[in-house]
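Can you make the complete structure from the sequences, with help from the hints?
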Amino acid sequence: MAARRHSLSTSIAGLHGDERTVGSPLDDAEVVALHRTRLFGATGTVLMAIGALGAGARPVVQDPTFGVRLLNLPSRIQTVSLTMTTTGAVMMTLAWLMLGRFALGKRRMTRSQVDRTLLLWALPLLIAPPMYSKDVYSYLAQSEISLQGSDPYRVGPAPGLGLDHVFTLSVPSLWRETPAPYGPLFLWIGRGISAITGENIVEAVLFHRLMVLLGVGLIVWATPRLARRCGVAEVSALWLGATNPLLFMHLVAGIHNEALMLGLMLAGTEFALRGIAAISSSSVAARGRWYAPGMLLAGTVLITMSSQVKLPGLLALGFVAMALANRWGGTVKAFFLAGGALGAVSLAVMALIGWASGLGFGWLFTLGTANVVRSWMSPPTLLALGTGQVGILLGLGDHTTAVLALTRAIGVSLIAIIVTWLLFAVLRGRLHPVGGLGVALGVTVLLFPVVQPWYLLWAIIPLAAWATRPGFRAAVIAVTLIVGIFGPTANGDRFALFQIVLATLASTVIVLALIAMTYRWLPWRAVPKAASGRVDEPVAPPAKSDAYAESP
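Numbering-wise, my numbering puts 862 at position 170 of the sequence shown, and it's gapless, one number per residue.
Hints were generated in silico from the structure; no laboratory data involved. Any given hint might turn out to be false.
Computed beta-carbon distance windows for the label pairs [as the list claims (entries may be wrong)]:
#1 Leu1085 with Ile1207: 36 to 46 Å
#2 Pro864 with Ala1040: 31 to 41 Å
#3 Ala1043 with Leu1204: 49 to 59 Å
#4 Pro756 with Thr802: 14 to 24 Å
#5 Phe1116 with Tyr1211: 22 to 32 Å
#6 Ser842 with Ala1101: 25 to 35 Å
Even for Gly, the Cβ is constructed at its ideal location relative to N, Cα and C.
Below you can see the structure in the form of structure tokens.
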């Protein structure tokens, strides 16, 4: 199906380039190479899952592998387990890079081939212990606090449940006294999970992973539809976003609620843009007078629900409102009407969720909980830490805390200024709302006081549906390699430096050996053309169409 190119002249043209979709199927040689690449990546995720038995973020109590001879072996050889986890992650990342050959070329793999690859790579991680983070145990504790009738926005796991509670024991000590920073919808769902599973950690973790799968499913559903609105090939957007190694490592394996936030946000954006496209559109007039407001309402509700998991999802509502105002003429009156209408619906949904869950608006006062972390991935925080160290070396004293407050305040101010500018660019029709949302989330991540590896997906996935410049894709690849492979040490457990060094060296040797062994069998280089001698026919550029036109 031919992709559509949006008619907006973007004010950030450096990211958004030309994209043409050619429906030619892969030839025989390419199909074989694709299958081998898929198996290579699946082997990597299997190694990750096995290594997680020893190097994963296992619970302190109720560890199902404890005492089981074969399953307990990885925990006794942690350096080997760390090597397996690291090697598997590198293999999956290399397979993803090779998969890009079939997502960005003139002949692309089909949507079903992308979906099968994503499912195959995710399956081994579904039954693995949590990896790279212990946040899921905080989810369990905060949900249990809510189930017991206490307010998770006032008390942390230790005061709310007690230090000896089965959930508190697995929560990192840094977070045992802190209240929940998540929205009431997420804790409401978590409370339901706790009511079903009781204090069974394994069952509760698996239920939270199912919730992650729901979010990933929504991401996979929404991304290609948003990509078609922006004139981007579906498989290109899915490859860069939904099959990104960071998603497997941190959303599926790490069990982070970003999956649900992103899924609801993107699905809501798609529904809202359908509604905007239906306004004064003859192509959808036959669907009835309530189609446009119905789609807008559904999209607004879903976006608001995403913010009730984590607040950044609410950014999408601003760009949808500006797109609606642009559709109504881009006047001051349209600006206030669109913003007021969608804002009122959003506030009503928030109030309803707060009332129904019994959690109210307490989450608004705990949003800064994570700021206690001094994250090296946050430029404002890194600048403050570096400045503080320079002051110590110069004998001026340690002023890190004061500088940190200043740099973080500057970062938040810049976020507000840039996002406001992006919103007005969408209002004036110079920027597609999907592009504006992706750039806004990217700026938010870049200047946020705290940045975790999985936060990068906030920007990567929406931008994958809009930005197509080779420079942008190269930047995403570089960030994925650096953050995905070298960022984490492999889990939420602590390893000695010599274990990390030994595992890194061993993984390097193993991966180099695998590359040498598979050089003739995997598409490390250009795939030879099939003997059929088929040549791609030139394809004319797609015709220009409405930027918000409904995708077929």
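Tell me if the beta carbons of Phe1116 and Tyr1211 are separated by a distance inside 22 to 32 Å. 52 Å, violated
Has the hinted range 36 to 46 Å been met by the Cβ atoms of Leu1085 and Ile1207? 43 Å, holds
Honestly, do Ala1043 and Leu1204 meet the 49 to 59 Å range at C-beta? 58 Å, holds
Take a look at whether the Cβ-Cβ distance between Ser842 and Ala1101 falls inside 25 to 35 Å. 33 Å, holds
Assessment of proposed distance window 14 to 24 Å (beta carbons of Pro756, Thr802): For Thr802 against Pro756, whose Cβ atoms are near 39 Å apart, the range 14 to 24 Å is violated.
Indicate whether the distance between the beta carbons of Pro864 and Ala1040 respects the range 31 to 41 Å. 37 Å, holds
Checked against the numbered hints given earlier, this structure breaks hints 4, 5; the rest are met.
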